[in-house]
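Whole structure, please, built from the sequences with the hints as guidance.
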Amino acid sequence: MKHVVKRNRTIEAFDIRKLYASMYAACLSAHESTATAELVAEEISTDITRWIANKSEVTANDIRKQAGLYLTEINPHAGYLYLHHRIMW
Amino acid sequence: MLFSFNPTTIAICVALLMGSTGKGHTRAERHVIALSYLITLFIIIAIAGFLLVSLLVALPATVQLNVSLLLSIVGIVWGIVSIKDYYWYGSHRDISSRLARTLHTYTVKKNDPTSATILGFITAYATVPSIGIPLLLVSALVALSHPYKITFMACFAGMILLPLIIIFIAYLRGLTLSSVIKWKEDSKGTFRLVLGLSGIFLSWLILLSLNGTIAL
Chain U
2 MKHVVKRNRT
12 IEAFDIRKLY
22 ASMYAACLSA
32 HESTATAELV
42 AEEISTDITR
52 WIANKSEVTA
62 NDIRKQAGLY
72 LTEINPHAGY
82 LYLHHRIMW
Chain B
15 MLFSFNPTTI
25 AICVALLMGS
35 TGKGHTRAER
45 HVIALSYLIT
55 LFIIIAIAGF
65 LLVSLLVALP
75 ATVQLNVSLL
85 LSIVGIVWGI
95 VSIKDYYWYG
105 SHRDISSRLA
115 RTLHTYTVKK
125 NDPTSATILG
135 FITAYATVPS
145 IGIPLLLVSA
155 LVALSHPYKI
165 TFMACFAGMI
175 LLPLIIIFIA
185 YLRGLTLSSV
195 IKWKEDSKGT
205 FRLVLGLSGI
215 FLSWLILLSL
225 NGTIAL
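So the sequences go chain by chain: U and B.
Count along the first sequence starting at 1, add 1, and that's the number in this note's numbering.
Count along the second sequence starting at 1, add 14, and that's the number in this note's numbering.
Derived by calculation from the structure, the hints in this document are not laboratory data.
Beta carbons are placed, not taken as given, at the ideal position from N, Cα and C, and that holds for glycine.
Worth double-checking, as some hints may not be accurate.
What the hints assert, rightly or not - Here are some chain U residues pointing at chain B (derived, C-beta under 7 angstroms):
id, residue
1, S30
2, T50
3, W52
4, I75
5, H78
6, L82
7, H86
If you want it as structure tokens, here you go:
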């Protein structure tokens, strides 16, 4: 089982559904249709599953960066939103 | 008006809109969520302003003058620190990582009118470093004016929210949130410069008023 080190240093099992949901939400926020959002989320989930396959432990930040990279290639607006919306200062 | 351009309020507003769209809410639901947030924030800032002005006016004249003098000094120091951010933003953070996580929860994860109302309170707390000092300075100026107009504090609260209202309307008309975030990221140094200069200007006005050079 893959493990994810969260920002608060807790460790939890990797859950692809969480990533799928965040990709889907980022696409909707970039004014994409639900059908497109589903396609993009599906594609990136597959990419990330492949990327994480040979790793036993990754940080949440690593996943975020990698997913953001894939998303930016497909939809730059959604990718930018995904990578930067947490900056509150 | 110049105080309304601060990175934190804009970032929170964009995150709220992003969460609202990302959850697949309808246009009407997005309106309700954004209005819950904006109205709560307006009420908090206006009430804080009313209370500050009332408190300053209730003080004995000499104490009020000393407090105003102290506020103007604090305003100048705060202004200089803000101007510094224009040249070196560095790892400066207005809010802690823990608060940022809470904000993320109430903007992106939970997204309904109740959480938007709670977010209004959290935003008011999170933006104290950005608009707390301007609020104090404006309150001091209003308290020093004769006759003082306490309703001005409602205008101040409205002005603080104006860019957020404009962003919300523009977003409903098709503006991409990524462009707002990019604009905020590219301009945050300039925002700090403007905030700092405005803070120093208001402090200067208080000092001029205190020594009788100008009558408010």
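Here's how the hints hold up against the structure:
| no. | hint | result |
| --- | --- | --- |
| 1 | S30 | 4 angstroms, holds |
| 2 | T50 | 22 angstroms, violated |
| 3 | W52 | 23 angstroms, violated |
| 4 | I75 | 14 angstroms, violated |
| 5 | H78 | 4 angstroms, holds |
| 6 | L82 | 5 angstroms, holds |
| 7 | H86 | 5 angstroms, holds |
The structure shown violates the earlier hints numbered 2, 3 and 4.
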